[in-house]
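The residues making up each chain are set out below.
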Amino acid sequence: MEVERQTLRGKQLRARDMLRGDLEGEELERYVEEKVVMTNFEKMLGWARANSMFPLTFGLACCAIEAPISLVTARYDLARFGAEALRASPRQADMIILSGRVSIKMAPVVRRLYDQMLEPKWAISMGACSSSGGMFSNYAVVQGADKFMPIDLHIPGCPPRPEAVLYGFTKLQRKIMGNPDQGWRQRYNAVGTEEWARGGPRSEPSPEAAEAYEEARGLIRA
Amino acid sequence: MPDAPGLELIRGEIEQDHPGAVLDTSFDRHQPALVVDSAQILAVLAWLRDAPGQGYSFLSSLHAADYLPAEPRFAVHYELLNRDRVERLRVKALLADPGEDALPEIDSCVELFPTAEFQERETYDFFGIVFRGHPDLTRILLPDDYVGWPQRRDFPIGGEPVTFTYNERNYG
Numbered sequence: 011m012e013v014e015r016q017t018l019r020g021k022q023l024r025a026r027d028m029l030r031g032d033l034e035g036e037e038l039e040r041y042v043e044e045k046v047v048m049t050n051f052e053k054m055l056g057w058a059r060a061n062s063m064f065p066l067t068f069g070l071a072c073c074a075i076e077a078p079i080s081l082v083t084a085r086y087d088l089a090r091f092g093a094e095a096l097r098a099s100p101r102q103a104d105m106i107i108l109s110g111r112v113s114i115k116m117a118p119v120v121r122r123l124y125d126q127m128l129e130p131k132w133a134i135s136m137g138a139c140s141s142s143g144g145m146f147s148n149y150a151v152v153q154g155a156d157k158f159m160p161i162d163l164h165i166p167g168c169p170p171r172p173e174a175v176l177y178g179f180t181k182l183q184r185k186i187m188g189n190p191d192q193g194w195r196q197r198y199n200a201v202g203t204e205e206w207a208r209g210g211p212r213s214e215p216s217p218e219a220a221e222a223y224e225e226a227r228g229l230i231r232a
Numbered sequence: 008m009p010d011a012p013g014l015e016l017i018r019g020e021i022e023q024d025h026p027g028a029v030l031d032t033s034f035d036r037h038q039p040a041l042v043v044d045s046a047q048i049l050a051v052l053a054w055l056r057d058a059p060g061q062g063y064s065f066l067s068s069l070h071a072a073d074y075l076p077a078e079p080r081f082a083v084h085y086e087l088l089n090r091d092r093v094e095r096l097r098v099k100a101l102l103a104d105p106g107e108d109a110l111p112e113i114d115s116c117v118e119l120f121p122t123a124e125f126q127e128r129e130t131y132d133f134f135g136i137v138f139r140g141h142p143d144l145t146r147i148l149l150p151d152d153y154v155g156w157p158q159r160r161d162f163p164i165g166g167e168p169v170t171f172t173y174n175e176r177n178y179g
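Chains as they are written, first to last, in the numbering used here: chain G, 11 to 232; chain H, 8 to 179.
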């Protein structure tokens with residue numbers, strides 16, 4: 011009993027020391043720099059959201075074997091990035107992975123699922139098929155899922171490796187945290203490889219597109 | 008399987024009961040096939056199912072083909088199976104293309120083979136072949152508001168060309 015009271019007394023004394031602040035000058039600066047993070051509310055919110063994602067349990071085609079099945083099980087383990095809780099209802103989810111080709115009959119269903127998800131929400135288009143139609147260049151498949159819903163991130167591959175999906179997922183996390191990690195073309199010496207959609211085989215880009223393009227190149231070279 | 012002479016025997020017996028129903032026979036790669044006048048398709052199918060000694064009582068598949076530019080253009084294929092002897096027989100009903108605004112028509116065999124209901128709907132869905140007397144001839148796989156018959160050979164393949172700068176530079 012006496013010993014316990016003494017340890018309690020010791021804790022109280024240490025707490026009082028902290029409050030009184032026995033650090034001064036240089037030491038205090040270093041202490042604050044190490045222990046205290048200054049941020050704004052938006053960033054803190056983004057940080058919390060990015061590290062606690064609730065993907066929708068949802069699969070469209072063969073990519074579904076890679077994305078929700080391989081990715082969340084033990085070998086690749088999406089839980090390492092804070093997205094292990096797959097939700098069976100879109101009303102509880104905030105991320106949807108389009109894993110496979112979207113047929114024209116499925117597109118309204120996917121759109122409805124996306125609309126049912128609560129804000130803020132994100133969508134990943136996984137693989138060639140849901141990004142562009144892929145090999146299914148035919149009458150039955152939508153040529154790219156962003157024709158009917160907003161997509162935050164496209165992951166190329168047929169199917170993408172689980173590592174690629176994880177990399178894409180971390181990219182999405184950076185995007186949510188407000189740091190979309192620009193400048194990769196400069197780092198990979200890929201300036202001049204930009205692509206943009208055009209109206210036809212010989213058409214020129216629209217003035218806005220050309221302007222944005224020049225601006226982006228200027229930023230990269232700066 | 009009925010061999011080539013057996014196929015001719017079947018043709019002869021059908022000819023006795025339904026003159027002019029069988030237009031041709033083929034025996035390609037050990038697969039016997041009867042080419043049948045589409046106006047008498049139900050009579051032939053019923054005969055193959057019910058006539059003593061035949062017993063082709065199982066319709067294992069019903070599908071269509073578009074032989075463009077051949078004439079007649081369409082054919083509905085009935086794959087029949089005798090389950091006792093495990094013998095298969097293909098029946099082809101040829102259908103001419105009635106033109107832009109009309110659809111080719113043939114009698115529905117749902118009364119004879121109930122399994123044909125969905126398969127006839129699928130054939131209608133993709134080839135636009137109308138089965139007279141079908142209880143519910145609507146699209147089954149494609150959306151209800153789809154326009155066109157996508158498995159016909161003159162249907163555009165769809166998709167979109169991709170304009171990459173590489174393609175533009177070299178071929179644009």
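Because the hints were derived from the structure by calculation, they are not lab data. Keep in mind that the hints are not guaranteed to be accurate.
[Unchecked claim] Some but not every residue of chain G turned toward chain H, in silico, with C-beta under 10 Å:
1. A95
2. K115
3. N199
[As the list claims (entries may be wrong)] From chain G, some residues computed to sit far from chain H (all C-beta separations above 10 Å):
4. E34
5. Y41
6. V42
7. F64
8. I75
9. E94
10. R101
11. D104
12. I114
13. K131
14. N148
15. A150
16. Q183
By construction, the Cβ of each residue, glycine as well, lies at the ideal position given by its N, Cα and C atoms.
Structure-based check of all given hints:
1. Interface restraint check for A95(G): the shortest CB-CB distance to chain H comes to about 34 Å, outside 10 Å, so the restraint is violated.
2. Interface hint at K115(G): satisfied, since its Cβ lies 5 Å from the closest Cβ of chain H, which is below the 10 Å cut-off.
3. Among the interface hints, the one on N199(G) is violated; its C-beta lies about 17 Å from the nearest C-beta in chain H, farther than the 10 Å criterion.
4. Its beta-carbon lying about 62 Å from the closest one in chain H, E34(G) satisfies the requirement of being farther than 10 Å from that chain.
5. For Y41(G), the shortest C-beta to C-beta distance to chain H comes to about 54 Å, beyond the 10 Å cut-off, and the non-interface label holds.
6. With a minimum CB-CB distance of about 51 Å to chain H, V42(G) clears the 10 Å threshold, and the non-interface call stands.
7. The Cβ of F64(G) lies farther than 10 Å from every Cβ of chain H, with a closest approach of about 31 Å, so its non-interface assignment holds.
8. Against the 10 Å criterion, I75(G) stays outside the reach of chain H, whose nearest CB is about 23 Å from its own CB.
9. Residue placement check: E94(G) keeps its beta carbon more than 10 Å from all beta carbons of chain H (closest about 36 Å).
10. With a least CB separation of 26 Å from chain H, R101(G) remains clear of the 10 Å interface cut-off, as annotated.
11. For D104(G), the shortest C-beta to C-beta distance to chain H comes to about 29 Å, beyond the 10 Å cut-off, and the non-interface label holds.
12. Distance check for I114(G) against chain H: the nearest CB is about 6 Å away, which does not clear 10 Å, and the non-interface claim fails.
13. K131(G), annotated as away from the interface, keeps every beta carbon of chain H farther than 10 Å; the closest lies near 26 Å.
14. N148(G), annotated as away from the interface, has a beta carbon of chain H within 10 Å; the closest lies near 5 Å.
15. Taking the minimum C-beta to C-beta distance to chain H, about 7 Å, the non-interface status of A150(G) is violated against the 10 Å cut.
16. Every CB of chain H lies more than 10 Å from the CB of Q183(G), the least distance being 30 Å, so the non-interface label holds.
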